[in-house]
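Chemist: Let chain R serve as the given structure and place chain A on it in line with the hints.
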Amino acid sequence: MNTITAASTAHFEYLLRIADTSLILGQRLSEWCGHGPVIEEDIALTNVALDLIGQARLLLSHAGRLEGKGRDEDQLAFLRTEAQYLNLTIAELPNADFARTILRNFLVAAWQRELWQGLANSADAELAAIAAKSLKETRYHLQHAADWTVRLGDGTEESHARMQRALDTLWPYTAEFFSASADDPAIVSAVIGPAWSTLEPAWDAAVRPVLEVATLTVPARTPFLSHGKTGRHTEYMGHLLTEMQYLQRTYPGGTW
Amino acid sequence: MTEASRQWPLWEVFIRSKNGLDHKHCGSVHAPDAKMALQNARDVYTRRLEGVSIWVVRADHIVASDPDAKPEMFDPAEDKIYRHPTFYTLPDEVNHM
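Taken in sequence, the protein lines are chains R and A. In the numbering used here, each residue's number is its place in the first sequence (first place is 1) plus 1237. In the numbering used here, each residue's number is its place in the second sequence (first place is 1) plus 536.
FYI, nobody ran anything at the bench for these hints, they're computed from the structure. Using N, Cα and C, we set each Cβ at its ideal position, and we do this for glycine too.
As a list, the in silico DSSO-like pairs of lysine-lysine whose alpha-carbon atoms are at most 27 Å apart:
{"#": "1", "chain 1": "R", "residue 1": "K1370", "chain 2": "A", "residue 2": "K554"}
{"#": "2", "chain 1": "A", "residue 1": "K571", "chain 2": "R", "residue 2": "K1370"}
{"#": "3", "chain 1": "A", "residue 1": "K560", "chain 2": "R", "residue 2": "K1373"}
{"#": "4", "chain 1": "A", "residue 1": "K606", "chain 2": "A", "residue 2": "K560"}
{"#": "5", "chain 1": "A", "residue 1": "K560", "chain 2": "A", "residue 2": "K571"}
{"#": "6", "chain 1": "A", "residue 1": "K554", "chain 2": "R", "residue 2": "K1373"}
{"#": "7", "chain 1": "A", "residue 1": "K606", "chain 2": "A", "residue 2": "K616"}
{"#": "8", "chain 1": "A", "residue 1": "K554", "chain 2": "A", "residue 2": "K571"}
{"#": "9", "chain 1": "A", "residue 1": "K571", "chain 2": "R", "residue 2": "K1373"}
From the structure, some residues in chain A lie toward chain R, with a derived Cβ separation under 7 Å:
{"#": "10", "residue": "V565"}
{"#": "11", "residue": "N576"}
{"#": "12", "residue": "D579"}
{"#": "13", "residue": "V580"}
Isolated chain R (complex conformation):
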């Protein structure tokens, strides 16, 4: 009985790590709504944000049912405390400028693509179905962000400088994409999904050529490792949650 409970907790948290990364990045991107550099790009970023929030809804609903404590997508999305969110730290970092926003989308989308593909054969059939649906969305996000990464990186002096600054800032946070989790063995043996460390070669092979065409210099790896997926967040997370949770906290159970 104990092993089943332990496996379920691992399964639940595995889903949360994926769901929360989509949720928090979607929330961040939605901050661009009405502020895009041109209206077409404003809509494009909002579309991406909505795709991500849609992924989070499916995954959180599924996680809630799996947990069996009667929590639905809204309760999981809006009523947890900071340390209970298991998103990758990179998702919660501020948007800063358009360059950093785009580069983050690029790095995350390339990671998500490998993850969704790795989940295609999950023993969790619902997760596999969500992954298959999300993969199509992510392919477009990746194309959109890669295209901009090359344009801006290989663009003007200023756009290049901003992209390089964004890469220098964000690159250390990508180590967390692939760091080991304590429950990796349980997840892998139950065929729920891949251990994320196995995604790195394919991600690297997808990301580096684009950065090269964008004339950007990839920083060397350092020992720095962020810990969002274990619930340890940056100072930015609390502010994000305050805004994101405001409505549910002020009007509990509010719907429209």
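Modeler: Leaving out everything else, chain A in the frame of chain R:
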């Protein structure tokens, strides 16, 4: 640089709503080149499953008729009712005419 020359060029967007139908003009987007014009058109005009194919064309590549030339361009067709195939009886089996 003047404001006008800093603007990305305008592209007209044509969407085919489903296979077998024609592409229909549905609006325009600004974009620096064709690739991004397609992406922008996708993001702006196909968010609600409006299409299965997109064409974009630079607005300045479209040659338009002169609105002032309407009388000589179009009015003469007004009384040529015999140009419509309405004097034939169609067999019942022929649909969509």
